[in-house]
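If you're matching them up, the sequences are chains L and G in order. Going by the numbering used here, 117 is the number at position 117 of the first sequence; the sequence numbering is gapless. Going by the numbering used here, 1167 is the number at position 167 of the second sequence; the sequence numbering is gapless.
Since the hints were made in silico from the structure, they are not lab data. Everything hinted at is true.
Subject to a maximum C-alpha distance of 20 Å in a straight line, what follows is the list of computed EDC-like cross-link-like pairs (lysine to aspartate or glutamate):
#, chain 1, residue 1, chain 2, residue 2
1, L, 161, L, 147
2, L, 40, L, 3
3, G, 1007, G, 1045
4, L, 40, L, 71
5, L, 13, G, 1052
6, G, 1168, L, 11
7, L, 16, L, 78
8, L, 161, G, 1062
9, L, 13, G, 1167
10, G, 1033, G, 1181
11, L, 13, G, 1050
12, L, 13, G, 1056
13, L, 105, G, 1075
14, L, 161, L, 143
15, L, 13, L, 82
Facing chain L, a subset of chain G residues (Cβ under 7 Å, in silico):
#, residue
16, 1055
17, 1071
18, 1142
19, 1145
20, 1147
21, 1152
22, 1156
23, 1157
24, 1160
Ideal Cβ placement from N, Cα and C applies to all residues, glycine included.
In case you want the letters, here they are:
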Amino acid sequence: MNDSIRVGMAELKIVKKNEVLVSLGIGSCVVVALYDAVEKIAGLVHIMLPYCNKIKNNANPLKFADTGIAELIRRMVDAGADRKRLVAKIAGGAQMFSSLSSFNKEILTIGDRNVEAVIRTLGDNGIRIIAQETGGNYGRSIEFHSDSGMMVIRSIGHGSKEL
Amino acid sequence: MSFDVEKLSVFDLDKFKEIGNIGAGNAATSLSKLLNKRINMNVPEVKLIDLENAVDMIGGAETLVAGVYVDFQGDIQGTILLILDSASLSKLLELLIDKEAASPISDLNDIEASAIIEVANIMSGSYLMALSSFTGLKAIHSVPNLSIDMAGAILSVPVVEYGAHGDKTLFIESQLTDGSEQINNYFFLIPGITTCSVLLKALEVGK
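Chain G on its own, in the form it takes in the complex (with noise of 0.2 Å):
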């Protein structure tokens, strides 16, 4: 019998959200000494997805959005997805570069292509080893890949995924933003359906 992501209680939800506070905390430190400004967290959300949904979650399904896929295996294994709009997109790359007029999000160069996949690098990293010194569970984490298309394609990768498991996708989601809400990133971090409960078990002992 695998494990059914509809059957979690409400204690499980919170620790699951527990997981997004550590790793998201530890991320946003990261992108702020990165860029030299204040980033803000929000409370994390544990979203259980229908298949239907999945695509309009963070807005329309046809919206351009700039995506990067982690992965991540170890004694965890499951996905990273940075989102980024394209205002927030271009507010990050001038903060980066320097440089004030950005190409269009479409249109990317290799140095701006790079810089986004560095700062997702950079975050996963942070999200994941928090999430290990606080569980004891260690994982590595692939190389970033982004894609700059309809936010529905790109949230659609670890949903099907999931399909093999069950109707409903299990996303952790955390929103971070800089002071002046330039920048709006969603970091959702998707555990792989063995992992859940292997989390959920690693947190138990930490009590």
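Here chain L stands alone, though its shape is the one from the complex (with noise of 0.2 Å):
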């Protein structure tokens, strides 16, 4: 197995055949892999907040859900995936710290608004999500291997799990 590439938040990566995608420490942000079977081309993007309309210094398509998606499948295009073959696994989405005392709710929650917007810009564009493991209080490491399309999850006191 090759070293694996490392995917922060707001980054991109696509890999063809042998290669793992990583990405570390995920609380609300959610990481969309999508997937090629035929082609075994893998792309993940590693999202921070849902819509980029919603935001001022929208500069940065990768940090959205809905621009992050877009520009993931046309990437995975450009890189030979068959639009129509794509499908998504999808991680992440928790709430790091409860949001009852705090005065900022909104961000301490914006994980399952993270959630819903990836399943909202997935289903718009016609992907659909073969294997979903969000929301929850706890942080999240996932694994995406191009050969096989598997998605292992790692937590801290939450267990492992392929997808």
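Build the complex: two chains, separate frames, hints provided.
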């Protein structure tokens, strides 16, 4: 297996054949993995916020669910993936701290809105979500394997999962 | 046009460093009184952190840490994060609760969790109080919230908030350690984006 390729916040990476994409310590962010099982092309975008048009400084499209996913689809197709074959696996969208006593409820509960925006954007683009591990109050790390399309999720105290 | 942390001058960054000195100095004094132990403070650092690197700020993104989140509002607004690694957390609990075998970090009982929250409460209060007597700007802070989890997931919380304004996050980082260096506390003040200019202005007047 090759060295894995890190995908940080507001980053997007695409790999082919036998490679592994990883995102570590995901909190309220959501990682969206798209996969073409025939060409074995995998792409991952690590979004932080729901919609680009709700934010003034929206210069970086990869921060947002709507524009980040659109960019991911475009680059997957450029890399040779068939748009009609793309399926999605998504993970993240946690709420790391209780918002009960906070002044800043909007940011602490952004995980849920990120997940909603991701689901909606994928739906609008006709891409099926075949696996999802989102919400809760704990962080996650994920690996996405381009040879099998498998997503491995690790957490602390909430076990590991293969999707 | 909103405030851009990437355009801060070296002098501005020094002013934020001064905020760290004043605030964390007072927080260290409170912690020292609470533990009846000498507490040292490093020279605060002002960091402009990229989105990609934020999760690795205090070591690995997956390192298990205790993080306490506090936010504040008033003349100034922003977030405080207090982060302790697991060895420091155990040592702190040992000193506070006077018990040799503290629970493992991932399985704290209610008393241990509220002890950590109270430490964060006292330190945040002292930090903000020092800041407000120096600048004349007042703020009240929220009840702290504890999360025991991956460092990356905890650090991402203020970074996501900043993400709505730009691609870098301003952290004022202070490290507090006890004399024997068994307790290492990261104390981060993350001023809200509109608060940055308010603070800079207040520090100018004070010259």
